[in-house]
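Sequence order for the protein chains is A and B.
Residue numbers for the first sequence follow numbering that gives the first Met the number 0, beginning at 0 and rising by one.
Residue numbers for the second sequence follow numbering that gives the first Met the number 0, beginning at 0 and rising by one.
There may be inaccurate statements among the hints.
Stated by the list, open to error - Per the computed footprint, the stretches of chain A lying under chain B, defined by three or more beta-carbons under 8 Å from a beta-carbon of chain B, are:
#, segment
1, 139-148
2, 351-364
3, 420-434
Claimed, not checked - Cut-off 35 Å, straight-line C-alpha distance, at most; resulting in silico cross-link-like pairs (DSBU-like, lysine-lysine):
#, chain 1, residue 1, chain 2, residue 2
4, A, Lys476, A, Lys533
5, A, Lys454, B, Lys193
6, B, Lys287, A, Lys342
7, A, Lys410, B, Lys215
8, B, Lys182, A, Lys525
9, B, Lys74, A, Lys416
10, A, Lys417, B, Lys193
11, A, Lys417, B, Lys216
12, B, Lys193, A, Lys511
13, B, Lys1, A, Lys454
14, A, Lys476, A, Lys417
15, A, Lys511, A, Lys476
16, B, Lys208, A, Lys533
17, B, Lys208, A, Lys391
18, A, Lys342, B, Lys216
19, A, Lys417, A, Lys115
20, B, Lys215, A, Lys424
No lab work stands behind these hints, which were simulated from the structure alone.
Glycine included, C-beta positions come from ideal geometry on N, C-alpha and C.
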Amino acid sequence: MSLNTIDAQLLTKMFLAGAQNLEAKKEWINELNVFPVPDGDTGTNMSLTIMSAAREVTKLIDDDMETLAKAISSGSLRGARGNSGVILSQLFRGFCKVIRDHQKIDIEILTSALEKAVETAYKAVMKPKEGTILTVAREAAVKARDLQKNGASDMGAFLDEVIRHADFVLSQTPDMLPVLKQAGVVDSGGQGLMVIAKGAYDAFLGKELDFSLGEVTSGSSVDMKLDPQAAADIKYGYCTEFIILLNKTFNIKHEMDFKAYLESIGDSIVVVADDDIVKVHVHTNDPGMAIQRALMYGALSNMKIDNMRLEHQEKLFKMSQSSQKKEEKTQTPTSRPAVTELKETGFISVAAGEGMEEIFRGLGVDFVISGGQTMNPSTEDMLNAIEQVAAKNIFIFPNNKNIILAADQAKRMTKDKKIIVIPSKTIPQGITAIINYIPDLGIEENESIMLDEMKNVGTGQITYAVRDTDIDGRAIKQGDYIGLGDSGILAVGSGMEETALAMAEAMMEEEKELISIYYGADVKEKDAEALADKIRERYSGCDVELQYGGQPVYYYIVSVE
Amino acid sequence: MKKTAVMTDSNSGITQTEAAELGVTVLPMPFLLDGEVYYEDINLTRDDFYRRLEEGMSISTSQPEPETVIETYRKLLEDHEEVVHIPMSSGLSGSCQTAYMLAREFEGRVQVVDNQRISITQRHSVLDALTLAEAGKSALEIRTILEADKFNATIYIYMDTLYYLKKGGRITPAAAALGTILKIKPVLTIQGEKLDSFAKARTLQQGKKLMVTALKKDIDTRLGGIGGTENVRISIAYSESREIALAWQQELASEFPGCEIGIEPLSLSVACHIGPGGLGFACSANLKAM
Chain A
0 MSLNTIDAQL LTKMFLAGAQ NLEAKKEWIN ELNVFPVPDG DTGTNMSLTI
50 MSAAREVTKL IDDDMETLAK AISSGSLRGA RGNSGVILSQ LFRGFCKVIR
100 DHQKIDIEIL TSALEKAVET AYKAVMKPKE GTILTVAREA AVKARDLQKN
150 GASDMGAFLD EVIRHADFVL SQTPDMLPVL KQAGVVDSGG QGLMVIAKGA
200 YDAFLGKELD FSLGEVTSGS SVDMKLDPQA AADIKYGYCT EFIILLNKTF
250 NIKHEMDFKA YLESIGDSIV VVADDDIVKV HVHTNDPGMA IQRALMYGAL
300 SNMKIDNMRL EHQEKLFKMS QSSQKKEEKT QTPTSRPAVT ELKETGFISV
350 AAGEGMEEIF RGLGVDFVIS GGQTMNPSTE DMLNAIEQVA AKNIFIFPNN
400 KNIILAADQA KRMTKDKKII VIPSKTIPQG ITAIINYIPD LGIEENESIM
450 LDEMKNVGTG QITYAVRDTD IDGRAIKQGD YIGLGDSGIL AVGSGMEETA
500 LAMAEAMMEE EKELISIYYG ADVKEKDAEA LADKIRERYS GCDVELQYGG
550 QPVYYYIVSV E
Chain B
0 MKKTAVMTDS NSGITQTEAA ELGVTVLPMP FLLDGEVYYE DINLTRDDFY
50 RRLEEGMSIS TSQPEPETVI ETYRKLLEDH EEVVHIPMSS GLSGSCQTAY
100 MLAREFEGRV QVVDNQRISI TQRHSVLDAL TLAEAGKSAL EIRTILEADK
150 FNATIYIYMD TLYYLKKGGR ITPAAAALGT ILKIKPVLTI QGEKLDSFAK
200 ARTLQQGKKL MVTALKKDID TRLGGIGGTE NVRISIAYSE SREIALAWQQ
250 ELASEFPGCE IGIEPLSLSV ACHIGPGGLG FACSANLKAM
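One chain only, chain B, in its complex shape (with noise of 0.2 Å):
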């Protein structure tokens, strides 16, 4: 029997071909279409979600049934001693709330990590806990360590319109402040639970030129400094355009010298609020303990 099993969900961007690679479980998000349940990655593919989401087809997301969830941690404590589920922040969704509850039926055997992370920074911490796992750390420890790091993260959001946020009615606090007749591209951020609005642009590259000023920011006032690769993890995430964050890429080898700067897919649960034209700019500081 192995020790601890690592599991996740969708919004890390992690597929599920990448998860079987990793020997991580990636839960898949639910997606309402018109009406019918599809599943990220199972049965609802990129292509098709854009094409539909930008056809005007009304999409919401829903958190993981229940069931699902605790058939897949039944599952997992089949061949392992432990979980540990590192679910989308609990700022953002029921989902981690969820987990949380289910969890203690299993008696401290899966532990629910509320580390607030989504997109890239929730895909760093699968990869953290992995490594954490490798080493023989229980789930708690893993725990402990995630949610202690949780606020060395910073994400920005470039957004190429407000259309798909107010759609979604997730447009509270954030954009309340960018109700204008302009035409605004809002630059988001998420810092621990709270998705608020950052900055406002009005084209793409003022909006890629604030996330590395304010990222550049961050990583010298609390991600410890920039420091090459061993100190941070850079990354893009994009959502329809790869080409976009492929460009982007090569604009920012020297903004970031020494860093390698990934480009991971914008997980769908999250591009549906932003819509096609986003962009996402990501930064997590490195686990000391590792």
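So here's chain A without its partners, still in its complex pose (with noise of 0.2 Å):
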């Protein structure tokens, strides 16, 4: 075989590919965070980006070039969630900006793409790190530059051999970060975008995989025609999906039997298999066939099971409904003058917990996104709320390290309103910088004492070990209560209130006046009221402030001021 071009046809065919092979194994992404707190979302996060993008592809009818470019391109921008999703989205704008142009991509238009992708994801980043995805983007644009120069011909070798290097320089982050040395792993999003190349590889090699999107997590809705009689035409109906975690090998033979076992069984399958992980996904009448199967190669994980024929009366029935609701949108500007006047200034915040959203509306905030550690908002909810709040200029508080990115791109994106991100990364943070707005203020006034206030509060953040790690020389072990601060870890311990108590102190500085203690949704109030008492008894020159925060992931947040 020497295919020495891609068009349209097959990049679509290796683009889904690439997508379907990151969400089989995101949650195996996840699990390289090197962080030992439970904010393992890599791989979700660049998942929940790519398919984004998918599924403006699977939408297209026509194979153009063109069109394909830019649904690869805006699709994955306005999904684009997490600084991963948000560098991955870069990293495919880039690309498509060189590849929209020509029908047939050769090796020299997928170098010179490569390298438009790597140059666009290096300006969005404002402090680009090696050892990261840019790392690895960098140096298989670099190998493609090499080997097309030297003459490469041959579309399989060469991207074999950029997959192959880029695979080596993988292997090399963690002599790059040292974070991920510790931890003893590769960096993950660099790793989920191999996930992704390796798919598209497959693809490209004509590997059989299905190429229909399964169940896309996010449950987005995805815009199909259902046929009201098709209920009855469902030949299989359960739609069933798990994780084999091998504990034997499984070779092409394996997974060519295992394959020929499902369709006696069904239809729709995949089986995405990894070097310790297998991807399932089958429709059949049975689904405890396949499972008694699978469990010939490993312990099963992730399991899900759906009743497709009951969920397709439930979907037709939610189709009328946002029919009708569509329905009424579309009356509703005519019921209300058409100009909606434009207040001087609007506040969206991103915040998770009944209790945080309360506290950031009483705060005067417009919109609150519900967001934050492990499920950081995307852009296009970024630009939904921003769309919402009808004010010439509008304040964005991120509140967390990895949703600033997502809040710049909607910023870009965003050309009828002026839209100022404030880079708050904790909830405290945020609180202090809304609390200091003053309205007589002009926005770059206000923007310059919110950056200054801002600096005066320190957070620190009581969540618990997923697994055993050691960090900054403290050993972890696997369930101890971490307090994280603004720069590391101030307090381990095996109790919960021992380890905050522990946390305030290591933040206490001279001339702080307040402690705010915001509890999580895990926390019971008469616990958290104990630990208020005896911080206030602490601490008796300042005040202690104690709010019902219902945050997860972290039981308290805590900031001094």
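Make the complex out of the two chains shown on their own, each in a separate frame, by following the hints.
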């Protein structure tokens, strides 16, 4: 086989295969996340990003490079979540800028596209770090240019070498980032990129993959037409999905055997094998048989079985409801004056937990986007919020370092309103910034006051370790409580209260006047009150304020100012 | 017979003792404490007042009785040709309106100044009036000068709590925007007749910083620049704790070089709404005419 160009049809297959591969392996990538706190969401974020693009791509009717490039670029941009997701979307955007002008992509064009991708992604990150997805992408582009200059002509061999080199670079990331080395893992974002590349390469080679998207985890509404009669036509009633955690070898022969078996009991089969996991998706009338068979290869996880015949009915019902809603929506403008008065300034904040949302609303925030650690809102969520807030100037408070990029991206994509992203990394920083807003002053003055004031608030957050590790010279055991400060771990302990007290001790400085404690969804009110009392006793010169935040992930969020 | 008598009310923060020294007349503001009438600085001391306020006693303010006002005018006119009366801001109380009405009986011999001052800035106006009177200005001339000067002042008030403002029912536009479950220490501002919310703080330190920044900006943009004590008068007003004000005065020396920063007690009728932990910061421009 000597295929030397890629056309739109093939690229579509490759892109969807890459997306599918990432979706299947996102949990595994999540686990590579280095910090021992439950924020492993790189895989999820990248997957949500690429799946948003995949949805755009599956909607296309023509195999035309320009429309394909547009679908990938805008779909991933809108769905971008988390830092890794935003970087991924930028890689795609750069890549698409080059390919959109060519109906057939040869090695030279592909190389230029990779270079453009890297250039665009580097620009999107304020302080690019080496040893990450950026390094992997850049080195892949460098290798591609090398090969191209040396006269590479076979596309398959070219892709193979580029991927192998990128894999090697990925394996070196622990030597570039100490934090990776300490945890003994490679960079999760880089790994995600490789998973996409390998899926795409398999599709290039013509390996069979089911390109249907299966179940998209975000549950976003995919535009599809449902035939009311079709329920009766569903041949296999249960959508069955699981992952096999392999405990013996699973080679090509096993894979083919397993697939053949699944074909005998159902259809819509996806079997994606990796070194130690196999992602399985099948529509069948007897899920038990698929499960029985899979148990031969290892233990099962992430099992999900849906009755599609029932779901079909529900979908029909929902569709009729949502079309009704759409009608209502389109009618509202006529019953209301078309021009809504824009107020001068509006506020958007990201927060998780009902208490937190209430606090931000109480401070005058117009729109609270539900999200935070482990659930980073996408650029699209930001754009929706921006659309909802009728103001000429809108301040956005991301309140998490992994959400700042998505906010910045939304800012770049908004033309009709002025967006000011205040790069708040924690909830208390966001609260302090908003409190310091002064209506009488201009936007720039307020921005600089907020940035200044955020420096005066220290944040500490109590969570737990998801596995044993060693960070900053501290041995941490799975299940330990960890007190995270603004720049590293402040306390570790086996008791929640004791860890919170030690963390507060580490945060206190002279001239601090106020300690605020926001307790999370998993903390009892009386335990929180007991902690607040102890802190009051210890720091009698300070006001201590206890609030219900209801946030997930963090038992306590504590601030001193 | 002397020419022009200067008269004000106890909202100016001028005590009866100080009034005697300065040669002004200060109408005491009446208070209702659990239904009984007391007069500021007459039979109600500051210590008493704060003690009762913190005990949660129901305290409300009212205007000086018309009869007392007329009586005071009459008495002053016995040995003065005219009276210039500087009551608290018409935006915050009906006292000014009442005085204006009562003054009409005296065919121009009593001039009521409606220059929307309160507390420290009202005090500044009284001092200006005294200087103008000594310079031989008539009551009408003094009134005209002071009214033309009314916006050359600015006031910021740090509130330790919104409790007293809510209790007194004075919360309307000012604090409606501050309804929140967090304990916010609002900074309010008085510009002209309006009492409004200016900004929010969570600690005294933040509140002080906000007020300093705001005051500096007002001085630079509307009050003719800092220019030392010849140009502006800056004062701190405290409610219960003079110590907090003294400490702040020290901190402020480097912020406003060349300026003397005065410290005055907040009048009780204002403190009644602000509470014991409040702090005021105000500035007024010196009269150009003098």
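The hints, checked one at a time:
1. 139-148: Three-residue rule not met by the segment 139-148 of chain A, so violated; n is 0.
2. 351-364: Holds: 5 residues of the segment 351-364 of chain A have a Cβ under 8 Å from chain B.
3. 420-434: With 3 residues closer than 8 Å to chain B, the segment 420-434 of chain A meets the three-residue bar; holds.
4. A:Lys476 with A:Lys533: 26 Å, holds
5. A:Lys454 with B:Lys193: 33 Å, holds
6. B:Lys287 with A:Lys342: It is violated: about 39 Å lies between the C-alpha atoms, which goes past 35 Å.
7. A:Lys410 with B:Lys215: Cα-Cα ~33 Å, so holds.
8. B:Lys182 with A:Lys525: Satisfied, since the Cα-Cα distance of roughly 20 Å is no more than 35 Å.
9. B:Lys74 with A:Lys416: 65 Å, violated
10. A:Lys417 with B:Lys193: 31 Å, holds
11. A:Lys417 with B:Lys216: 25 Å, holds
12. B:Lys193 with A:Lys511: Roughly 33 Å between the alpha carbons, so the hint for Lys193 (chain B) and Lys511 (chain A) holds.
13. B:Lys1 with A:Lys454: 61 Å, violated
14. A:Lys476 with A:Lys417: Status violated; Cα separation ~47 Å.
15. A:Lys511 with A:Lys476: 32 Å, holds
16. B:Lys208 with A:Lys533: 30 Å, holds
17. B:Lys208 with A:Lys391: Distance of about 29 Å is within 35 Å: holds.
18. A:Lys342 with B:Lys216: 25 Å, holds
19. A:Lys417 with A:Lys115: 29 Å, holds
20. B:Lys215 with A:Lys424: 31 Å, holds
When the structure is compared with the earlier hints, violations turn up for hints 1, 6, 9, 13 and 14 and for no others.
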